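Knowing the structure of chain A, use the given hints to seat chain B on it.
Each chain, written out:
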Amino acid sequence: MDVIADIAVQGAQMVLVLVLAPLFTGLVRKLKARLLRRRGPSIFQPYRDLLRLLRKEVVLAENASWLFRVAPYLIFAATWVAAALVPTFATGLVFSWSADLIAIIALLGSARFFLALAGLDIGTSFGGIGSSREMLIGTLAEPAMIMIVFTLALVVGSTQLATMAEHMLVPGVGLRVSLGLALIALVMVAIAENARIPVDNPATHLELTMVHEAMVLEYSGRHLAMIELASALKLQLYVALIACVFAPWGLARDGEGIAAYAIGTLAFLGKLAVGGFLLALFETSIAKMRVFRVPEFLGAALMLGLLGTLLLFVSRSL
Amino acid sequence: MPPAVGLGCVAVLMGVAVLAVILGRSRASTGLVYGLCLIASVVAGANAFLRVAAEEAWATTLPLALPWLGAHFRIDALSAFFLLVVNLGGAAASLYSMGYGRHESAPQRVMPFFPVFLAGMNLVVMADDAFTFLLTWEFMSLTSWALVMAHHHEPENRRAATIYLLMASFGTLCLLLAFGLLAGPDGGYSFAAIRAGQPAPGVAALVLILVLLGAGSKAGLVPLHVWLPLAHPAAPSPVSALMSGVMTKVAIYGFLRIVLDLLGAPAWWWSLLVITLGGITAALGVLYALMQQDLKRLLAYSTVENVGIIFIGIGLALAFRANAMNWAAALALTAALLHVLNHTIFKSLLFFGAGSVLSATGLRDIEQLGGLIHRMPVTSFTFLVGSAAIAALPPLNGFVSEWLTFQAILLSPEIPQWGLKLAIPAVGGLLALAATLAGACFVRAFGITFLGRPRSPAVGAAHEVDRFSLAAMILLAALCLFAGVLPGLLIDFMRPAVLLLTGDVMPHQLGREWLSIVPIAESRSSYNGLLVFVFIALSTSVTVLGIHRLASHALRRGPAWDCGFPSASPVTQYSASSFAQPIRRVFGALVFRARERVEMPAPGDLRPARLQVRLRDLIWELLYAPVADAIWWAADRLNRLQFLTIRRYLSLVFLALISLLLVVAIWT
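Listed in order, the protein sequences are those of chains A and B.
Throughout the first sequence, residue numbering follows this note's numbering, covering 1 to 318 in sequence.
Throughout the second sequence, residue numbering follows this note's numbering, covering 319 to 986 in sequence.
One chain only, chain A, in its complex shape (with noise of 0.2 Å):
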């Protein structure tokens, strides 16, 4: 009974996923709009986008490969596992040990390889220049992540997000200036890797300076709304990644009833707010950087994770 338990307790967590990340991106949306004095969608607008691009025929440039239509399930579900093994309102989640976070972090890079791969497919120029520039981010953001995750491994002395969680949630962690680092790294690598401002528009068309729209351009229907998905969940996954290790509280432990379920899951959906609040307050009140300030901005993020790390190796209680 316990494994069914487990398997049960797993899917919701894949559905939770999977039904909040729009109503997250709406959240973000809404809130912007407001910071800028502006009325707004409703929070429920990506819901309504999402069925009316899956009731759209797609629209194929010729010389798309199989690997065009292949690549936004591929994108979706990587991202969709990914965004599954962070725990949201529990922790010890019967499949969380099949993958740590190094391996979270693989895989998110595996969507990044097959979304910039569809890039290049209908050969384009806007295509290949999303691309370019994606794999330039990607290239300075994931090892600033590893460095991240290095330094977080070294405090806790595991890998296993469940783990780090759990550690965290005893009061001995205390404030160290490594974890303070790490944090700063870690939210500036999820601005970059989600596409956010400073670094990218998610709100852009036509410009020049567009990195994750410019790939997804010829996109249409049934594929666009896996890609926008699989984004809302990469977003909503960074800030349980966040919550889960800096803001472990009201985390469900492993078989403490539905009760607890509960609850982790307000406290979730309380941090998703918070969270979102944030993103718009930040997104509001900065500017979008040149292409090549972005290398400046993720080497900072690196250089922090890697202080973090360096701290660690020297001094354990740092």
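Quick caveat, the hints were computed from the structure, so don't treat them as lab data.
Don't take every hint at face value.
Derived SDA-like pairs (lysine to any residue); straight-line CA-CA distance at most 20 Å [said to hold, decoys possible]:
id	chain 1	residue 1	chain 2	residue 2
1	A	K56	B	S870
2	A	K56	B	L863
3	B	K739	A	V314
4	A	K271	A	L183
5	A	K56	B	V862
6	A	K56	B	H871
7	A	K30	A	T204
8	B	K739	A	R316
9	A	K271	A	I43
10	A	K56	B	G876
11	A	K56	B	R875
12	A	K56	B	L873
13	B	K739	A	L318
14	B	K739	B	I598
Just so you know, these numbers come straight off a predicted model, no measurement behind them.
The following block gives chain B in isolation, referenced to the frame of chain A:
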């Protein structure tokens, strides 16, 4: 299977070479020669597979080489593991050549050397004394040199072969000196005698540096890597696969055998040297790869990167062993050995793919390719699998070995030495950078070659290659997935080899729930390739089913949208160099001293604008060019000695004799 099978297979391969010479250039001989190579490799590989787990090492002495000494051969767990790697690569290359060899323009220059090259690599791994090792090492170098020279009509191939020969001779010289120091004054030349004697610390350090130069130049450690990007494109594609995927592994075997087995207890600073070199090699190799337009050159530089990753693992193992943390050394060495196997699999696959593209289009320059996914579906799919594996994407095999290397790095704060405490995190950063740059590199390699629209007419006429080549590529692609999904099997399989070198092993992996791999403890880290694979496969199928049930099925083909301005000309696509431009701008200013110059004609002038990019190879300019210049200078000066009269020659000899006698007199 009787243990002498390994040597028997070598004898068969030598025989096949003779047969190839006799048969000459007749068409029918291709299938026969490579078919026999395939059979010999499979048998030798199966034998090696059985020997890995065998308790007893098998040894024999053949009455060859120097009289009254004989040639010693021995297969222990480490040799057996590397024999397996060699013969796996050899079998795949033979199978591929059964088809590819028919397009060969000069078969009589390839077929006789191919089997002896395989035999040479087998012999190096089996050698059990210094003479045999050096002899077979040189044999391996010379046969591969002959293969690099196969297409000797092109001047660049001759240059590549010359540089390869020079670097190979330099490497052998270093190894010769290293063995000279190891054998000691008593001349204990057999490995057993060397193992028994403990060299003094100073001598041991000198040996380490010589082996780093000798084996490192063969493996492609920066800055000794210069021959790889020249020689690998020059050789026929299956030979490139062998040189890149297999011969560099034989070099790594040589390094492991001498440094971890023969040399005795390591000093901690050795590992600092090895790790730093490994980290620099990994990052520089992939950056060079990102700038290449020749597909095979790109793959050669990517080999440099992977050799760097392997050396990081070996360096960590040395660091742990120097601090008596044998269980951690076992983890680091397992990571390195797993990457050895993985790299052989995916790099052979990628070179086969490049060879198929070459035989279908006649082009190696990726700027002229594009759109091959429509013309060569199987090649492009297998190349995609190889690219994803080498870019370390889960659930394929490249990810597992890099993940294990990261886990080994996470164990190293326990190491007390300050030099290592500062170097290891930095190398960890370099490794992470190399891994992600490899992703960008292979998005570029696959995307520009196989996706988009054809950039030259040759691509339009391309056709899928023959069945043998396809079979070899499909087989290796399947192995990429297999090794990625069930890494626990492989980790358990290589336990005896790891035990031999580190005195400890990783815990058994097969007994775990769902076949997870757990380097230390489950609460610390675990990874399950099988579950990740099933998880991805399930969620993909759920998504596909759901979408096909819910969403509209309508699909219309139309011209590309491209923001409303689609252009029919394929030159408007992103090219390989434009894809690399952002990365070149970020890293190139430092590493390549990259300079871009834009010539913009005045308004009204109808000349096209020009963008010129200049990249400099600093290692070549700062290290090799001065050495070459010095040799030329000296040769110029010494050239005069060629034109002396007989009287002067005689007096020269007389003076030399006198001075030597003086030296001897003063010495004693």
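Against the structure, the hints:
Note on K56 (chain A) and S870 (chain B): the hinted pairing holds, with a Cα-Cα distance of about 6 Å set against a maximum of 20 Å. For a cut-off of 20 Å, the pair hint linking K56 (chain A) to L863 (chain B) stands: about 17 Å separates their Cα positions. The hinted pair formed by K739 (chain B) and V314 (chain A) meets the criterion: a straight-line CA distance of about 7 Å does not exceed 20 Å. Taking the CA atoms of K271 (chain A) and L183 (chain A), the gap is near 16 Å; set against the 20 Å cutoff, the hint holds.
Note on K56 (chain A) and V862 (chain B): the hinted pairing holds, with a Cα-Cα distance of about 16 Å set against a maximum of 20 Å. Taking the CA atoms of K56 (chain A) and H871 (chain B), the gap is near 9 Å; set against the 20 Å cutoff, the hint holds. Of the pairs offered as hints, the one joining K30 (chain A) and T204 (chain A) holds, with about 16 Å between alpha carbons and a cut-off of 20 Å not exceeded. Between K739 (chain B) and R316 (chain A) the alpha-carbon distance is near 12 Å, which keeps this suggested pair within the 20 Å criterion.
Simply put, K271 (chain A) and I43 (chain A) have alpha-carbon atoms about 17 Å apart, close enough for the 20 Å limit, and the pair holds. The suggested pairing of K56 (chain A) with G876 (chain B) holds, with an alpha-carbon distance near 15 Å, which does not exceed 20 Å. This hinted pair checks out: K56 (chain A) and R875 (chain B) have alpha carbons roughly 14 Å apart, not beyond 20 Å. Proximity of K56 (chain A) to L873 (chain B) is assessed by CA-CA distance (about 9 Å); at most 20 Å being required, the pair is judged to hold.
Of the supplied pair hints, the one linking K739 (chain B) and L318 (chain A) holds, its CA atoms being roughly 15 Å apart against a limit of 20 Å. This hinted pair checks out: K739 (chain B) and I598 (chain B) have alpha carbons roughly 17 Å apart, not beyond 20 Å.
The structure shown violates none of the earlier numbered hints.
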